[in-house]
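2 protein chains.
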Amino acid sequence: MLDDLELKVFYNTLFSRRDVRSQFSGEEMDKKVLGRILLAAHSAPSVGMSQPWDFVLVTDPDIRSRFKDHVYKEREAYEASLEQDRAENFKRIKIEGIMESSLGVVVTYDPHRGAPSVLGRHAIDDAGLYSVCLAIENLWLAATAEGIGVGWVSFYREEFLGELLGIPKHVRPIAWLCVGPVTHFEKVPDLERFSWQSRRPIEPFLRHNRYESQSDLDQVVYLPKDGFDL
Amino acid sequence: MLDDLELKVFYNTLFSRRDVRSQFSGEEMDKKVLGRILLAAHSAPSVGMSQPWDFVLVTDPDIRSRFKDHVYKEREAYEASLEQDRAENFKRIKIEGIMESSLGVVVTYDPHRGAPSVLGRHAIDDAGLYSVCLAIENLWLAATAEGIGVGWVSFYREEFLGELLGIPKHVRPIAWLCVGPVTHFEKVPDLERFSWQSRRPIEPFLRHNRYESQSDLDQVVYLPKDGFDL
Chain A
1 MLDDLELKVF YNTLFSRRDV RSQFSGEEMD KKVLGRILLA AHSAPSVGMS
51 QPWDFVLVTD PDIRSRFKDH VYKEREAYEA SLEQDRAENF KRIKIEGIME
101 SSLGVVVTYD PHRGAPSVLG RHAIDDAGLY SVCLAIENLW LAATAEGIGV
151 GWVSFYREEF LGELLGIPKH VRPIAWLCVG PVTHFEKVPD LERFSWQSRR
201 PIEPFLRHNR YESQSDLDQV VYLPKDGFDL
Chain B
1 MLDDLELKVF YNTLFSRRDV RSQFSGEEMD KKVLGRILLA AHSAPSVGMS
51 QPWDFVLVTD PDIRSRFKDH VYKEREAYEA SLEQDRAENF KRIKIEGIME
101 SSLGVVVTYD PHRGAPSVLG RHAIDDAGLY SVCLAIENLW LAATAEGIGV
151 GWVSFYREEF LGELLGIPKH VRPIAWLCVG PVTHFEKVPD LERFSWQSRR
201 PIEPFLRHNR YESQSDLDQV VYLPKDGFDL
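If you're matching them up, the sequences are chains A and B in order. Letter 135 of the first sequence, counting from 1, is numbered 135 in the working numbering, and no numbers are missing. Letter 68 of the second sequence, counting from 1, is numbered 68 in the working numbering, and no numbers are missing.
A hint or two may mislead.
Treat identical chains as interchangeable: a pair holds within one or across any two.
Restricting the straight-line Cα-Cα distance to at most 16 Å, the calculated cross-link-like pairs of lysine to aspartate or glutamate (EDC-like) are [claimed, not checked]:
1. Lys169 - Glu158
2. Lys73 - Asp60
3. Lys32 - Asp218
4. Lys94 - Asp190
5. Lys31 - Asp216
6. Lys32 - Asp4
7. Lys73 - Glu212
Hints are computed from structural coordinates only; laboratory data are not their basis.
Go ahead and model the full structure; you've got the sequences and the hints to work with.
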């Protein structure tokens, strides 16, 4: 359990984490820092301790360039699906830093690891997938603590990325993370800065005992109204 | 970016996180602490800033008891699927702290939030599901920083939990988290203490440019060999 000062440092790190697109400096990653954030990812909880993740570190410019071309095609497909004013807004939003970041970290899910009979997966098979996401968030927060930016790119087809990196058919790519030093972290998320979507308050998403019930939540949980008081 | 001392506190928190089953004290949760860890969850990254999660705080003993009965039936079903020596080992392992923890936090996924045309979900629909998991890891780490234990129960059928809490059909329960003060955090994960599965070293899971290639990784990443040096 941390003391109040340490807690503030911890929460400040958590709240300052951003999904970085535009602020990568392109400097080379410090190898020790990269090692630490990968160990943070690898220390995530996993169902039945299956640790079903792998991390493909992509530095090759040609692979990154081919991935970026693919992402731009998917970007166009998405843009074409939007109504006009939404599409105009979307044009202003940068969705990736594939070439500008120091490297890509592709995180994959191998459902065979620890199988068969992974403890905790017999009723919920997706629990393995969930574990990989927990590892990604560990990586993201550790990177933030180190002053390193992370941007999750999800404008791609899994089949394309799988073939690009020679990923076996049974293994699923879950994320392409753009990773590297940044000039700064923005205070406000990009999608909010560009008026795409604002962060919602938490209150409507808290419920008590039953999904439809919020009646006596103030007896159960206290939400700081002005800033984040400890 | 944190200084070296702050980084140690951050990483120590991340590495001391455990999946808690047996160490819940049953004390009531401090309402402010609960508020903080829920805000940490709600501050997770989400695809297209959809924030597709909800948090059902379950304190009702009857609901918890019915959930526990269901979990024990699923436990038996899993045990029956194991070979004899594995089943004998499994009998020793506690898989939940539903009644002993201070409350359950059921985290759900609502794919309708922000839909249609959630930015980043057109090619990978599961990205919304991934966001919910990132929120869960934020909650878990914040709880650890606060000295609060979290245990993810996954021995249940989603349909059962959905009906138990009156969750709408289109919303998916992702986790039942047992949450509350603990007597202590174990140094070694339960599944390792009970010889079910040991943590694997990270090296085989690091790859470079292509999934099959680990050839020149030491030029890209440095993994501390003895402890976690900064």
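Okay, the hints, checked on the actual structure:
Proximity of lysine 169 to glutamate 158 under the C-alpha cut-off of 16 Å is restricted to the intra-copy arrangement: shortest distance 10 Å within a copy versus 28 Å between copies. Neither within a single protomer nor between protomers do lysine 73 and aspartate 60 lie at most 16 Å apart by alpha-carbon distance, with minima of 21 Å and 50 Å respectively. In this assembly of identical chains, lysine 32 and aspartate 218 lie within 16 Å of each other by CA distance solely across copies; the values are 11 Å between and 45 Å within a copy. Only within a single protomer do lysine 94 and aspartate 190 lie at most 16 Å apart by alpha-carbon distance; the minimum there is 9 Å, versus 44 Å between protomers.
Only between protomers do lysine 31 and aspartate 216 lie at most 16 Å apart by alpha-carbon distance; the minimum there is 13 Å, versus 50 Å within a single protomer. Proximity of lysine 32 to aspartate 4 under the C-alpha cut-off of 16 Å is restricted to the inter-copy arrangement: shortest distance 13 Å between copies versus 29 Å within a copy. In this homomeric assembly, lysine 73 and glutamate 212 never come within 16 Å of each other (Cα to Cα): the closest approach is 41 Å inside a single copy and 27 Å across copies.
When each numbered hint is compared with the structure, violations occur for hints 2, 7.
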